[in-house]
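Asks: Residue strings, one per chain:
There are 4 protein chains.
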Amino acid sequence: MKESVIHVYERPELRDPVFIEGLPGIGLVGKLAAEHLIQELNAVKFADLYSPHFMHQVLIKKNSVVELMKNEFYYWKNPDENGRDIIIITGDQQVPPTDSPGHFEVVGKMLDFVNEFGVREIITMGGYQVPELQGEPRVLAAVTHEELVEYYQRKLEGCSVDVIWREDEGGAIVGAAGLLLGMGKLRSMYGVSLLGESLGYIVDAKAAKSVLLAVTKILGLELDMTALEERAKETEEILRKVQEMQRAMLEQQMPPAPEEEDRGYL
Amino acid sequence: MKESVIHVYERPELRDPVFIEGLPGIGLVGKLAAEHLIQELNAVKFADLYSPHFMHQVLIKKNSVVELMKNEFYYWKNPDENGRDIIIITGDQQVPPTDSPGHFEVVGKMLDFVNEFGVREIITMGGYQVPELQGEPRVLAAVTHEELVEYYQRKLEGCSVDVIWREDEGGAIVGAAGLLLGMGKLRSMYGVSLLGESLGYIVDAKAAKSVLLAVTKILGLELDMTALEERAKETEEILRKVQEMQRAMLEQQMPPAPEEEDRGYL
Amino acid sequence: MKESVIHVYERPELRDPVFIEGLPGIGLVGKLAAEHLIQELNAVKFADLYSPHFMHQVLIKKNSVVELMKNEFYYWKNPDENGRDIIIITGDQQVPPTDSPGHFEVVGKMLDFVNEFGVREIITMGGYQVPELQGEPRVLAAVTHEELVEYYQRKLEGCSVDVIWREDEGGAIVGAAGLLLGMGKLRSMYGVSLLGESLGYIVDAKAAKSVLLAVTKILGLELDMTALEERAKETEEILRKVQEMQRAMLEQQMPPAPEEEDRGYL
Amino acid sequence: MKESVIHVYERPELRDPVFIEGLPGIGLVGKLAAEHLIQELNAVKFADLYSPHFMHQVLIKKNSVVELMKNEFYYWKNPDENGRDIIIITGDQQVPPTDSPGHFEVVGKMLDFVNEFGVREIITMGGYQVPELQGEPRVLAAVTHEELVEYYQRKLEGCSVDVIWREDEGGAIVGAAGLLLGMGKLRSMYGVSLLGESLGYIVDAKAAKSVLLAVTKILGLELDMTALEERAKETEEILRKVQEMQRAMLEQQMPPAPEEEDRGYL
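Chains as they are written, first to last, in the numbering used here: chain A, -10 to 255; chain B, -10 to 255; chain C, -10 to 255; chain D, -10 to 255.
Hints were generated in silico from the structure; no laboratory data involved.
Fair warning: there could be bad hints in the mix.
To be verified - So, partial list: chain C residues that the calculated Cβ filter (under 7 Å) puts toward chain A: (1) Met(-10); (2) His45; (3) Gln46; (4) Ile49; (5) Lys50; (6) Lys51; (7) Val55; (8) Leu57.
By construction, the Cβ of each residue, glycine as well, lies at the ideal position given by its N, Cα and C atoms.
Put together the whole structure using the sequences plus the hints.
Replies: Put into structure tokens, the structure is as follows:
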């Protein structure tokens, strides 16, 4: 296997499909969001991407069956005839950071493939590492073209999540969430990256929920968030316990202040 | 040498050959098992695989003769006309873990080559690292397709070794033992991986013997295990001495318990 | 993206253009010099170079717009009809040192590209790391062909900067500043490398100014250095403060000498 | 530059030329030997090898002239009409150990090139690291084919240097000195590797002399060793001083023994 290869099981006719990416990364935010979307939409798998740039191993799945590391393509056909269809990609891994050229090669293969189905718009999902969190995770947005800021802001009006746009330059988006937009731009595609604030060290279903709320608002989809919300509650519980532990540790170091209220943050 | 290359010395006609892999790895289990199989069957070498992904050196063999690092292909023709033939691969090294794409390239070349001889079934052999061992090493099995679990379990009925099949997913098989199955699946091949439990830090002939007992049961072969058993006895002796040393060290740390029996394990 | 790729927006007719390189490196000297040159000449961007050997990320620019890492080509047409034109390259990064072959590939693409516009002469700009500095940074020069030493020395007569030429061999020029000359020589091009002495750990506008004074002398250009001089003054102020801090530290370690004058150097 | 490339300045007609390699390695033994041979034979340079697998830099040579890292091919025509000619390769570096495939690629290019001139026999020269040395460095020999042991032993009869041949397998020859033989074998070439014992941390002209005495014996050449012997004397002087320092350090640690003689070794 000299290059990444895509095994195609079906070639559905798709209507102006939007390509949504959710691969493993910070807090597994993108992957959780993609898996929930696939589950709720009953999206159908239609292709597997294998790559010599993935780890040289097989995973042991249920019942002792082995599989190479891979990324998976799913499609969803909008029941509304005038609506747009969706292609979602998720999977076992991204190319490791030690193999930059391999990362470009894999993302190039993804874009060439979804281009065959008429994809023009790309939405990438992931986590954005922050040192502390207060309340619901916000979503940081970035686009391929400046005119899209207003476009997506209009689409996001009324969204229950805080979507942040920055004026000053600074920072980077590493991996597929960034490369898909950067390389997509060179193929005349366009799109937006939505990264949920995350502490990074936990499986962050809260951040995934925030990101998915923004995505579904943009696409005009109604999505049952229950399963993700349950995972999110587990996440909140873990965060709360960590917060208590931290406070207890601090109190051992400092004299207690009178009436120290629960600030509700880490 | 831009790609791995196979030098073919002979092109035997083989009957539905099974491809058995035993390359260097944990405890050298796979390699020991393959070398013993080759020796007992008097298998004939018919090809060498060289690769730019192997170490950039030559080994000094007997009588000051140098050789590039390589993998070797052997064949065995079944004296039973209705029986199946065997191709075995063993060798000096696998591709190092720092060169994942190189690993895929080499395994791809192996599969393309054995495909020319009609190989459809693959059996990979290796070690499975465990922190401690009790009694005979068990063999962990994994397959390319779910329906093969039952198939191999039937073939293994009566095997003197414990072959373990797992229901839950988890873990991975790194290197050729895994890649041959994962990539073989993409070439419409099928097979099983048999990994013998091993502590990993010794040349583990006991684990090699366990694996080979499972392999020969599957293939319906009778194999004289004497040479391997002698190596296995040496292994047991080493293990026993290590165990005594460990017990002595523990006793220095704890008060001795009355009548401490020899539990026979590390 | 398997190879580096250049997106060309315009193909200007250029007259015997000299190719000037100023990419990120020691003290950012080359990049600062190139950016100032582009700004003062009002050079026009006409191509972008993208590469799978650059970092696998996008940068977040103003207004949340993302861009792949890239190098940029600018041209300037000399208002004097008998004068020579200029192509300048600057950008976000060079290929990281862990990917030597990638560095050769990218520089090869740059040379092939500028060759299409008739480039024969190359001037590379960068920093040269020194442990301490006294007064204005000098500029170390090196050429592709021995006969060019005298040629550039004549061109530099009267230059306000000290340009140093060495007789003894020793040292190396790492990265694009060196490779462009070395590989350019193989394409029958010629040129000079001008490296400004720099402590390396600061954004060194003083060194950039020294290098640009040498470049403009060679090209017979008048350049307004004000903006760079202002940055250079900031650099001097930083250097002076570091010097004071160092002197204070030394005094704490040694008994003070009577009448210790300000030697004005680090 | 995607592949290594050889710039050829002349294509001499050579008579059954032997290819002698002396590239940088342990103790710089091979390179010193090659450079001395080139100097004494007045060998003529006829080709340069450049490679993207060499370091991404240029070296600064005399008079500020820069050059890419390279390997150089020299030829010598034997004044004896029935004698054999010689091709020698030496240079700035070998491919670094982190780039194994690159090493194979470069050596492959070397072999393809010298094959064009009818090379069949290869002699590689280098250092063999030992922890201590006594007297003159011996030379360890290894060959491509078993029948060559006797062949080279006969050629070496009367050689003033101790050439060692081993019966047991073990060890490896890393880099070009090994790869040229291993890969040469696959191209139906044959040859011998001659490695001089060296402590490794000094520029070892003594070991280079030992190796060259063996090479010239094999080729039936008379070579003036004066220049190398002078360098060798410098090496001996350094070794003797190191030995004195070591003895002094040991004496400080142990009570002095009566009448401790000069054992003359490290």
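Asks: So, for every hint listed, does it hold in this structure?
Replies: Here is what the structure says about each hint:
1. Met(-10): holds (4 Å)
2. His45: At about 4 Å, which falls below the 7 Å cut-off, the nearest Cβ of chain A leaves the hint on His45 of chain C intact, so it holds.
3. Gln46: holds (4 Å)
4. Ile49: Cβ of Ile49 of chain C sits 5 Å from chain A, so the hint holds.
5. Lys50: Hint on Lys50 of chain C: holds, closest Cβ of chain A at ~5 Å, below 7 Å.
6. Lys51: holds (5 Å)
7. Val55: With Cβ-Cβ at 5 Å, under 7 Å, it holds.
8. Leu57: Result: holds, 4 Å to nearest chain A Cβ.
Figure legend: structure checked against the earlier numbered hints; every hint is met.
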